[in-house]
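Chemist: Below are the chains, spelled out letter by letter.
Protein chains: 2
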Amino acid sequence: MVIVGAGFGGLYAAQALKRADVRITVIDRRNHHLFQPLLYQVATATLSPSDIAYPIRSVLRSQPNIRVFLAEVSAISVATSTVILEDGELTYDYLILATGACHSYFGHAEWEVFAPGLKSIEDALEIRRRILCAFEKAERETDEAKRRVLLTFVIVGGGPTGVELAGAIAEIACMVMVQDFRVINPREARVILAEAGSQILPSFPADLSAKAEASLTKLCVDVRKNAPVTAIQPGVVVVGDERIPAATVLWAAGVTASPLARSLVAPLDRAGRVLVEPDLSIPGHPDVFVIGDLAAFVYQKGGPLPGLAPVAIQQGRHAAQNILRRCQGLPSTPFRYADRGALATIGRAAAVADFGAVKISGFIAWIAWTFIHIFFLIGFRNRLIVLFEWAWAYVTLQRSARLIIGGSERQSR
Amino acid sequence: MVIVGAGFGGLYAAQALKRADVRITVIDRRNHHLFQPLLYQVATATLSPSDIAYPIRSVLRSQPNIRVFLAEVSAISVATSTVILEDGELTYDYLILATGACHSYFGHAEWEVFAPGLKSIEDALEIRRRILCAFEKAERETDEAKRRVLLTFVIVGGGPTGVELAGAIAEIACMVMVQDFRVINPREARVILAEAGSQILPSFPADLSAKAEASLTKLCVDVRKNAPVTAIQPGVVVVGDERIPAATVLWAAGVTASPLARSLVAPLDRAGRVLVEPDLSIPGHPDVFVIGDLAAFVYQKGGPLPGLAPVAIQQGRHAAQNILRRCQGLPSTPFRYADRGALATIGRAAAVADFGAVKISGFIAWIAWTFIHIFFLIGFRNRLIVLFEWAWAYVTLQRSARLIIGGSERQSR
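Going line by line, the protein sequences match chains B and L. FYI, the numbering for the first sequence is 1 to 413, going by our numbering. FYI, the numbering for the second sequence is 414 to 826, going by our numbering.
Treat each hint with caution, since some may be false.
Estimated spans, in silico, between C-beta atoms of each pair [what the hints assert, rightly or not]: (1) Gln713(L) to Phe375(B): 52 to 60 Å; (2) Glu557(L) to Phe375(B): 54 to 62 Å; (3) Val395(B) to Thr493(L): 45 to 53 Å; (4) Ser475(L) to Gln233(B): 40 to 48 Å; (5) Thr809(L) to Ala109(B): 41 to 49 Å; (6) Val596(L) to Ala109(B): 35 to 43 Å; (7) Val651(L) to Cys327(B): 50 to 58 Å.
If we take Cβ atoms under 7 Å as the criterion, some of the chain L residues that face chain B in the derived model are [claimed, not checked]: (8) His445; (9) Ser461; (10) Ser471; (11) Gln592; (12) Glu601; (13) Ile817.
What the simulated footprint calls covered on chain L by chain B, stretch by stretch (three residues with Cβ under 8 Å from a Cβ of chain B suffice, anywhere in the stretch; the number is not a length) [what the hints assert, rightly or not]: (14) 464-470; (15) 533-546.
None of these hints come from the bench; they were simulated from the model. We put the beta carbon where it would ideally sit given N, CA and C, even for glycine.
Construct the complete structure from the given sequences, taking the supplied hints into account.
Modeler: Here you go:
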């Protein structure tokens, strides 16, 4: 069998087949599994890429029934049960497709160059480069108005990623950069969070959303609700009717499913996700399972299920179980998501957590957020290092990954 | 006054002026000081960039007499005492020029694309990408001969960088990768170190060089002496008369001074370095000091002095002292290098150290190497993390930074 994609869904599916008598090929176009929930901390200079990424081979090394291929999948042919690679092909008896999602600019693909999104390590390093370069350029800028533009950061989209980015940038400006600059006062940085809907963190209850907003406001983030972005141009973002000159615009507003979904010849929803059957297979092809951000699972209250790591993990394990059942001649079983809650953090010692019956915010929620994230990180070394980096950042107010690499610096060599 | 370049020379010069009543502008095209002696460990996946790089602003934050500019210097006009930036200019009363060296391909600039050198973080990440990708491609290659080519690594140049790279790659192949691959046997990797001269580590005494060679041979590195590289083509390197098919070729053979040297209108040596006066200033311009890898200091036995961190550090401090003396109306003093020895490491628990009267090798030299390097790292956090990463790698045989980022993976998205 073949698993395409070694994110949360694919990796947990592979691990659920540890003792199974199947030969598994795991294919990913990256050599590493990425812990995406902490990617914004790479973008905001707290963590290094290697703290939240782990070689797929190493994670799966103890499973002799698995081989790992670094390869780009260009299409799936369900008619011939073939995974078509850029440089070859592979047939499968069972397939788990878990290639996730990428940014969506809602038909404005031209915005991407002005407002990068956050999905890969390269994205995170590019965003980090833009944020740090903005401060550096401001330090050398003599024109007051231009300096103001350089120190304006607009984050589009008030979901968890947008909230976490806005909080982290405001914190860097007010706490970290302050001691290091002579000309500018980094506290003058403006961080604007523009959310098209009527509340930030739309998937959270209104009271937690309000608490998150209050925490952001305390960090001097300018939270704009009912503020759809209508245009992004070089150095300017148009929010509603207002033109906001801003050197740094970051995109956290929307995702669309990986284009591989289209090659399945299965029904898709508006976001390009595959409308899966209750057992996570696709209509007419019980040997093909689609999980995680690539799947739209609508058979449950609040469906389709959100693009969260716990959904992908549970679906990965469930798809693996269904394949084992099918191998044994048993019928597959429907998936049910066990919702254990959701968390979002807003900078230093502030977070919100919705565990259904229990809703918490502030310092306790932040501690919960910290330990839950450490727990799900892969590898003892990464857990130790991330915990150390957080403690270091908390106590010293420093950020250890404030490096500008790549980008225009490189081109100018 | 102006300091251009915040490597070892520039940074220690700036710090030596801590209590001086001068206004200093430090200019670098990077936002970080890089601890180059450990750069090969980023290239070979042991360390992360942020472990050996530190924001220049943060290093110098406690010196109110300093401002830091992120800028590219395009020329120096000694006639008008002006530093010409790509986007502006600055005048100086005193100048310290410390922009170091870059790779030299001895007139074969076309080799660079096939055989990258190791000077910047981007270089290190590119080399890491090539090494890791070679193993990944070999795992998927079905043709025996092609697999052999993919698993052949040639390092050109047997100086400290070449020796360290060769040792680290051999170690990764034999100890780290072995458990993770199913198809290939990473132990079959061939690592060839090609040195044009008659001994590796030419600057070391012959007996230590022989010991280093024995350590490399024990790691299965194929050490070739009197083996000048005469051509590098895609997938092939010609050593002497022999054509060696190799997917990965790395360049550690030569450096040339930063091109800024040429704009000084001062005498240069064959490697493009500025022939400085005994006090480190340039002929006819006692207000301009050139230090570190950019300077050729010939007034001492064994001169010109080698391009080592201790030389740059001592010259940085001396140039700063001479500027202070000149400010007080005193004559400048000649520089004398206090040679405290040299070290090179050859993988796990092996190194050679030449402290003049005392020459050591093996485990004790490796411990000396470890603590000297930790000591000179900047920042307590970096020291702690690097020590932890080394201990972790030593005990677990793992490498924590085995990430392929950027490069062709990115282009194919």
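Chemist: Please write out, lowest number first, the hints stated earlier that are contradicted by the structure.
Modeler: The structure conflicts with hints 2, 12, although it agrees with all the remaining ones.
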